Amino acid sequence: MASFLPDLEPGPEMSPEFERKKRRKTEGNPSSFHPTQGNRRIKQWRTQREQRIYSSNLIESLRRSPTATGNYARDMAYRLLAVSAKGRTRWSRAILLGRLAAGAKMRKHKRAKVGANRKLRKPVSNRQKRKMPAVERKLMALGRLVPGCRKLPLANLLEETSDYIAALEMQVRAMTAISEFLASGGAQPPAGRLVNS
Amino acid sequence: MSGRRSGSGVSSISDDQITHLVSKLQQLIPELCARRSHKASASKVLQETCDYIRNLHKEVEDLSDRLSQLLASIDTDKDQAAIVRSLLM
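If you're matching them up, the sequences are chains S and F in order.
Quick note: the first sequence uses numbering that gives the first Met the number 0, first residue 0, plus one each step.
Quick note: the second sequence uses numbering that gives the first Met the number 0, first residue 0, plus one each step.
Just so you know, the hints here were simulated from the structure itself, not pulled from any lab data.
Where hints are given, some of them may not hold.
Unchecked claim - On the chain F side, residues computed to face chain S include the following (Cβ under 7 Å):
no.: 1; residue: L20
no.: 2; residue: A41
no.: 3; residue: S42
no.: 4; residue: C49
no.: 5; residue: D50
no.: 6; residue: I52
no.: 7; residue: N54
no.: 8; residue: L55
no.: 9; residue: E58
no.: 10; residue: S63
no.: 11; residue: L66
no.: 12; residue: S67
no.: 13; residue: L69
no.: 14; residue: L70
Stated by the list, open to error - Derived CB-CB ranges, DEER-like:
no.: 15; chain 1: S; residue 1: S183; chain 2: F; residue 2: D64; range: 30 to 36 Å
no.: 16; chain 1: F; residue 1: E58; chain 2: S; residue 2: R87; range: 20 to 26 Å
no.: 17; chain 1: F; residue 1: T18; chain 2: S; residue 2: S55; range: 18 to 24 Å
no.: 18; chain 1: F; residue 1: D64; chain 2: S; residue 2: K150; range: 29 to 35 Å
no.: 19; chain 1: S; residue 1: Q36; chain 2: F; residue 2: N54; range: 25 to 31 Å
no.: 20; chain 1: S; residue 1: G86; chain 2: F; residue 2: D50; range: 39 to 45 Å
Please read these numbers as outputs of a predicted model, since none were measured by experiment.
All residues carry an ideal CB built from backbone N, CA and C; glycine is no exception.
With the hints as constraints, model all of the structure from the sequences given.
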């Protein structure tokens, strides 16, 4: 995978901390990206254990604020999801940063950071015009949907998207199970609560 | 601007990369997976991916509303609160 993303090797503008992280674990650097690690993370999202932990955390946090609105619940749901990702993925870090300093100011900083870490992809240059506009447009749309991935190179975007989708699916499963359980008045515990996979 | 390595860099997205990305994405999206056809075009796969993510977002939003309502009603009932607590264990 590193062969077609040569200029993403760490350059002088990479901080030493980033270098350290790269050596330790994959940190968005495609040359050290292992498909197997990504796959393992994705399988993690699909385990009962992960869902159960997430559900407990979510219920706990929501109960702490009795006047929780739907928006608050949604924000909390996403934040907890990002926390569950343990900051290993760009989208989770983007969510946490976005929530931390509410608003456009932080987003501006975040964009600047993303840009500074790698050479910015050229905005529509003549090199890209040879691509079908539709595909290009949809790629950008995808980049906008996944938090923090607006200017990500293709390989990273794939990894982030896969992880993000797996996480979202887990989130939906967990929240659905919780609401069904609550709606039924606790008549039966959610199926699979005792199942470990 | 000077590229750090070769001149092509990341901004020249090759067809291979797109194909690779698209084939991987295809496996993730339930709709496309079911049909198992390799004929899905890049544009279609990307569209389905975006739609799928948007759908998931919408579901989360609806579920959050529902959850907050349910929890609000439960807080007033001690028995049900106990049930919720047991859920946490």
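Quick one: which hint numbers does this structure break? Sort them smallest to largest.
Going through the list in order, the structure violates hints 5, 7, 15, 17, 20 and respects the others.
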